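6 protein chains.
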Amino acid sequence: MSDLIKEFDDYRSRMNERLLSDDNKVIKRIFNLDTNAYMPGALDVKTKELLGLVASAVLRCDDCVKYHLKTSHEQGLTKAEIMEALSIATLVGGTIVIPHLRRAYEFWEELENLKID
Amino acid sequence: MSDLIKEFDDYRSRMNERLLSDDNKVIKRIFNLDTNAYMPGALDVKTKELLGLVASAVLRCDDCVKYHLKTSHEQGLTKAEIMEALSIATLVGGTIVIPHLRRAYEFWEELENLKID
Amino acid sequence: MSDLIKEFDDYRSRMNERLLSDDNKVIKRIFNLDTNAYMPGALDVKTKELLGLVASAVLRCDDCVKYHLKTSHEQGLTKAEIMEALSIATLVGGTIVIPHLRRAYEFWEELENLKID
Amino acid sequence: MSDLIKEFDDYRSRMNERLLSDDNKVIKRIFNLDTNAYMPGALDVKTKELLGLVASAVLRCDDCVKYHLKTSHEQGLTKAEIMEALSIATLVGGTIVIPHLRRAYEFWEELENLKID
Amino acid sequence: MSDLIKEFDDYRSRMNERLLSDDNKVIKRIFNLDTNAYMPGALDVKTKELLGLVASAVLRCDDCVKYHLKTSHEQGLTKAEIMEALSIATLVGGTIVIPHLRRAYEFWEELENLKID
Amino acid sequence: MSDLIKEFDDYRSRMNERLLSDDNKVIKRIFNLDTNAYMPGALDVKTKELLGLVASAVLRCDDCVKYHLKTSHEQGLTKAEIMEALSIATLVGGTIVIPHLRRAYEFWEELENLKID
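Protein chains in written order, with my numbering: chain A, 357 to 473; chain B, 357 to 473; chain C, 357 to 473; chain D, 357 to 473; chain E, 357 to 473; chain F, 357 to 473.
Read the hints as simulated data drawn from the structure, not as lab findings. Treat each hint with caution, since some may be false.
Same chains, same names: a pair is fine if it fits in one copy or spans any two.
[To be verified] Each computed DSBU-like pair below joins lysine-lysine, with the alpha-carbon atoms no more than 35 Å apart: (1) K381 x K435; (2) K384 x K402; (3) K426 x K384; (4) K426 x K362; (5) K435 x K402.
Predicted model only: the values in this text are computed from it and were never measured.
Isolated chain A (complex conformation):
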């Protein structure tokens, strides 16, 4: 696994575990909801992942973008689909999204290399 992906994964997992070991119920329920919201329903999982990706990109949250890129990759979304979603995010959110687009593109390319390995 690439360093970029591994570093992101490790920190996220470790801190989520520590956060959830804390007894704050509101935070636990928000984490729980976050899992439920992306389950298949009227919309399929792929579409929901793209919605999460675009919401994260326009709000310029790099870690959220990385998380949805990773799950999108696991769901078999293609680079062309990801780039179209991110192009809408860049248009709606403006050129301030571009630095996040650069980091998203780098992360996606590492995810694709990973697949080949």
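Chain A is fixed; fit chains B, C, D, E and F onto it per the hints.
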């Protein structure tokens, strides 16, 4: 047509026309890109409309939400699909999205009434 | 009750009811969490209302500000306490908060008049 | 004076007066700073007004945009200069700025009509 | 002192000093106001620190969050109080606040370790 | 060249190249527009760079701020002009801009050292 929809449409059309009669090229090209970005490509039009809707909702732009609700309705998206997309937006963007969700829900219901007429 | 307060209350109640009659579970749970998060715990209700008020003010959500002003007023918070909280919001969030501060101040004054009635 | 401009001016003046009659020192000083920051210095007043306008537009604060349009108009800035500044705001801030651009354009046209009267 | 805390403190102190050695009066006054706004008044210092913390968290400013965590810790606020404040921030600001919550939690735990040392 | 500037430049150039080698037309056109928008027109290049800088600062995009500081420096803007623009950004955008102001100040000082070399 309901007053809410008509008022939104009329103001938007009238002001877009005035804006585009101005000779600012950057603004004209952004409007042009806005049309192109939602054309079918690797993703279909329905998915793209949902992406535009969620981006607009988390950025809390009522007029942008209304616009994407209208085009989503024209594309045949169902209320359940719209509500799932908006539920992701509310989760990602937080409870400050709720007032916009109320106005979106009202607008969608008027769009559906319109269909019956 | 003043028109400003009544109009806000009526629209909010009517649309919340319509939203919750819809069968989207994620949205229902977010509404539910929103009630739980402001219950007394390690922090008392007054402090939590002020936190909700300041979060709403820096994110510039007028309806959220009005809601927290109303509950703050019901909890017996004073104008001086509200203004100190809003002054922190204006400093942290910048002068773009000022138009929202004007509307918040007007709403609070109507809430206080209401008390006298 | 047009109704749009008069309504904006009247509410803003009335509420600023009420806000400043309150004894919150932090808010008073922020208002004071707001006056000082746009005084001529290393940059002239016209440039500073354009900076205030673009900051307001990308942060999507209609009242702030109107205020800076009004002072920009008083300072003799031209429509072409205003539109170039707003085109940069729309590019940097994305298409969610467009509804604010429509309202800004309408307000500016009313300011220009006013000049003729 | 932990590396995380020390690195944050050192950079912040060094750059604030350089910024304030510059002769820009508006920036100096904003720094000055920032000190005054958190002084005891109608609200006590603990409440004001929590307000600053929540405002910083929903606006997703990691350095601002760290600063308020540090002062909150010095003021004797407990982990349970901090977590309730941050749970409100996460609910109001949405799941995009979660990556900042992870970093805030890590920083707070280091502050508590520090206390034991 | 300082490490801070070199690192920013290298990553930006490398990733822009990779992004533009992808065949997404919307993204290519946004990049293209980004070049056109800062060309001389009714406003000169210096003013436009300051507008881009302030828009980037209030939206708290460090990489965008660095980019506009670099071009502003190449255009011969002075430190006093940059600081006045950034003071307006800090006032309009609030104290959450301060961490970005620290990083902007550090970057500008490195740009000025570079000039002497």
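The hints, checked one at a time:
| no. | hint | in the structure |
| --- | --- | --- |
| 1 | K381 x K435 | between (38 Å within a copy, 14 Å between copies) |
| 2 | K384 x K402 | both (25 Å within a copy, 23 Å between copies) |
| 3 | K426 x K384 | both (22 Å within a copy, 24 Å between copies) |
| 4 | K426 x K362 | both (11 Å within a copy, 30 Å between copies) |
| 5 | K435 x K402 | both (13 Å within a copy, 19 Å between copies) |
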